[in-house]
Amino acid sequence: MEKKRKILVAEDDSDMMEQMNIYLESNDYRVLKAYTQEEAEKIIDSGDFDAAVLDLMLENPDSGFILSHKIKKNFPDKPVIIVTSVAKETGVYFDKNADSNNWIKADAIIQKELRFEQLKKELENLFSRSK
Amino acid sequence: MNKPEIKLKVIIVDDEHGMCAGGERCLRNYVIEEKEFSDKISFEVKSYNNGKSAVEAIKTEQPDILILDYKLPDMNGLEILESVEDKKFLTIIITAFASLDVAIAATKKGAFDFLSKPFTPEELRESVKKAAKSLYTARKMKSLEEEKKQVRFEFISILAHELKSPLAAIEGYLRLIDERVRGESLESYDQMVKRSIERINSMRKLIADIIDLTKLESGRKKRNIETFDIKDLITRTAEGFSNYAAKRNIKINLSCESFYVKADQTDMEMLVSNFLSNAIKYNRDGGSVNIDVKISDKNISLIFSDTGIGIKEEDLKKLFNDFVRIKNEYTREIEGSGLGLSIVKKIVDYYGGNIDVKSEYGKGSVFSVNLANIAEEVGVGKEI
Numbered sequence: 001m002e003k004k005r006k007i008l009v010a011e012d013d014s015d016m017m018e019q020m021n022i023y024l025e026s027n028d029y030r031v032l033k034a035y036t037q038e039e040a041e042k043i044i045d046s047g048d049f050d051a052a053v054l055d056l057m058l059e060n061p062d063s064g065f066i067l068s069h070k071i072k073k074n075f076p077d078k079p080v081i082i083v084t085s086v087a088k089e090t091g092v093y094f095d096k097n098a099d100s101n102n103w104i105k106a107d108a109i110i111q112k113e114l115r116f117e118q119l120k121k122e123l124e125n126l127f128s129r130s131k
Numbered sequence: 001m002n003k004p005e006i007k008l009k010v011i012i013v014d015d016e017h018g019m020c021a022g023g024e025r026c027l028r029n030y031v032i033e034e035k036e037f038s039d040k041i042s043f044e045v046k047s048y049n050n051g052k053s054a055v056e057a058i059k060t061e062q063p064d065i066l067i068l069d070y071k072l073p074d075m076n077g078l079e080i081l082e083s084v085e086d087k088k089f090l091t092i093i094i095t096a097f098a099s100l101d102v103a104i105a106a107t108k109k110g111a112f113d114f115l116s117k118p119f120t121p122e123e124l125r126e127s128v129k130k131a132a133k134s135l136y137t138a139r140k141m142k143s144l145e146e147e148k149k150q151v152r153f154e155f156i157s158i159l160a161h162e163l164k165s166p167l168a169a170i171e172g173y174l175r176l177i178d179e180r181v182r183g184e185s186l187e188s189y190d191q192m193v194k195r196s197i198e199r200i201n202s203m204r205k206l207i208a209d210i211i212d213l214t215k216l217e218s219g220r221k222k223r224n225i226e227t228f229d230i231k232d233l234i235t236r237t238a239e240g241f242s243n244y245a246a247k248r249n250i251k252i253n254l255s256c257e258s259f260y261v262k263a264d265q266t267d268m269e270m271l272v273s274n275f276l277s278n279a280i281k282y283n284r285d286g287g288s289v290n291i292d293v294k295i296s297d298k299n300i301s302l303i304f305s306d307t308g309i310g311i312k313e314e315d316l317k318k319l320f321n322d323f324v325r326i327k328n329e330y331t332r333e334i335e336g337s338g339l340g341l342s343i344v345k346k347i348v349d350y351y352g353g354n355i356d357v358k359s360e361y362g363k364g365s366v367f368s369v370n371l372a373n374i375a376e377e378v379g380v381g382k383e384i
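In order, the protein sequences belong to chains Z and C. Each residue of the first sequence is one higher than the one before, counting from 1 in my numbering. Each residue of the second sequence is one higher than the one before, counting from 1 in my numbering.
For reference, chain Z alone in the conformation it holds in the complex (with noise of 0.2 Å):
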């Protein structure tokens, strides 16, 4: 049997973190949660991970961003999805196609409240992309 993806979910409320476990290990996926920064990093550190979900905004407003930055710096094929909430708060939106200087490190940004199939597409999408 195909060993099963692990996604490294970055999330502070429980219960949105809980659901992702949910929705992804009914996919087949084993998830890594993080409800912080720093409990992210240390399995970003590890590498033992094949794609990450981060939320935008954890302990630091861009703690997302920093953790994308972190990953594609050391782990430039593995998939990375931003979750955030920024665009529809704040009007400011994150378009990874205008970012002309690339300094968005993330393959996807998903805005919440993120439908569940639309975060499976994402991902299938670029496991395929990376194969």
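Just so you know, not all the hints are guaranteed correct.
Calculated pairs, DSBU-like style, for lysine-lysine (alpha carbon to alpha carbon, straight line, at most 35 Å) [what the hints assert, rightly or not]:
(1) Z:K6 - C:K164
(2) C:K148 - Z:K112
(3) Z:K78 - C:K164
(4) C:K129 - C:K88
If the Cβ cut is set under 8 Å, some of the chain C residues that face chain Z in the computed set are [as the list claims (entries may be wrong)]:
(5) A168
(6) A169
(7) R199
(8) N201
Listed next, the stretches of chain C that the computed footprint assigns to chain Z, with coverage defined by at least 3 CB atoms under 8 Å from CB atoms of chain Z [claimed, not checked]:
(9) 170 to 178
(10) 321 to 333
In case anyone wonders, no lab produced these hints; they're calculated from the structure. Ideal placement from N, C-alpha and C gives every residue a C-beta, glycine not left out.
Mind docking chain C on chain Z? Use the hints.
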């Protein structure tokens, strides 16, 4: 802390050199103190001796106060005032011909005050002081208004965020249930339903807290100050929490004598229930909460101690701010509005009291509320 001085720009327009030099001298080291906000106002003075250069200077320098001689060689004071459209300054008109006509015309053109020649340096300062205070008050009001709007905006933004988080969580669970991610057996969804209900309850609590807080803040809370036995009130409030505490096997111990206090009962209920709910919520299973009430003279201390998770030193100072929730591995799944301590702080402030917090991370916390002058003298309350 030293605040920077507020510098007001003054332009003096007079064709007599002596007037300009005298005015400059008289205002150069003049400082007005505004004690309420501990502000100091000082002046930066420039002078011009004809109308044309004055009009130019008014446009480029943007003065705060204009001291204007009515009679100038090339034009009169009113013509100067007329030629400036957007007047953001106050004008003091100097005239040797103190006539009512000039005064009326100048006032119509926006003059703030009049000085008739000859005048003493004191009189000049008095008039400038009046203008400066008027400017100061108007600007202060404006900046306070702005500040208030900003605070309100921030409060509402955070509130919106705080209400959206539980909604997103509940919606998420409903979608998972809708998709039957855990199969057809109902029991598999128990935890999801339980968490959804908990988040709904905490949302309801948030709304109730918001109502309490805004009532307290706006000063619109109607208070009914009456004499009642504090022990009865605490006992009653604690009973309301007995199920909640029993679920986690937490003991509530009350050590309080019957004593009459004079206060609003709903205030005291809010106070006791917020501290009590925190002491249970942030406790460990099987722990305990002690409520000690101490009375000396007319002062009363309510001491809530718990055997809970404690608070880190660096988190202590944030504790009483709106929407503050201390996040760590112990508090992750504990629901709360982050407003409880803001509410009690406002109540305690109203009674002129104070709150003292001592805490040891991992061991427990002690919140002491000291309220002065609310305890009734023995016997007085009992007669009522």
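Given the hinted pair K148 (chain C) and K112 (chain Z), is their Cα-Cα distance within 35 Å?
The hint holds at about 30 Å.
Original post:
Are the Cα positions of K78 (chain Z) and K164 (chain C) separated by 35 Å at most?
Top reply: This hinted pair holds, its Cα atoms lying about 31 Å apart.
Checklist line | Given hint A168 (chain C) near chain Z, where the shortest CB pair must fall under 8 Å | finding: Status holds, d = 5 Å.
Chain Z contact restraint on N201 (chain C) - CB to CB distance below 8 Å: violated, 13 Å
Proposed proximity, K88 (chain C) with K129 (chain C) (alpha carbon, max 35 Å): holds, 17 Å
Subject >> Per-residue hint verdict: A169 (chain C), partner chain Z, C-beta under 8 Å >> reply: holds, 4 Å
- Hint status (Cβ of R199 (chain C) to nearest Cβ of chain Z, threshold 8 Å): holds, 7 Å
8 Å C-beta criterion, at least three residues: is the stretch 170 to 178 of chain C covered by chain Z: holds (count 5)
Taking a Cβ-Cβ distance under 8 Å as contact, does the stretch 321 to 333 of chain C have three or more residues in contact with chain Z? Satisfied; 4 residues make the cut.
With a cut-off of 35 Å on the C-alpha distance, tell me whether K6 (chain Z) and K164 (chain C) pass.
holds, 29 Å
Going through the hint list in order, the structure does not satisfy hint 8, though it satisfies all others.
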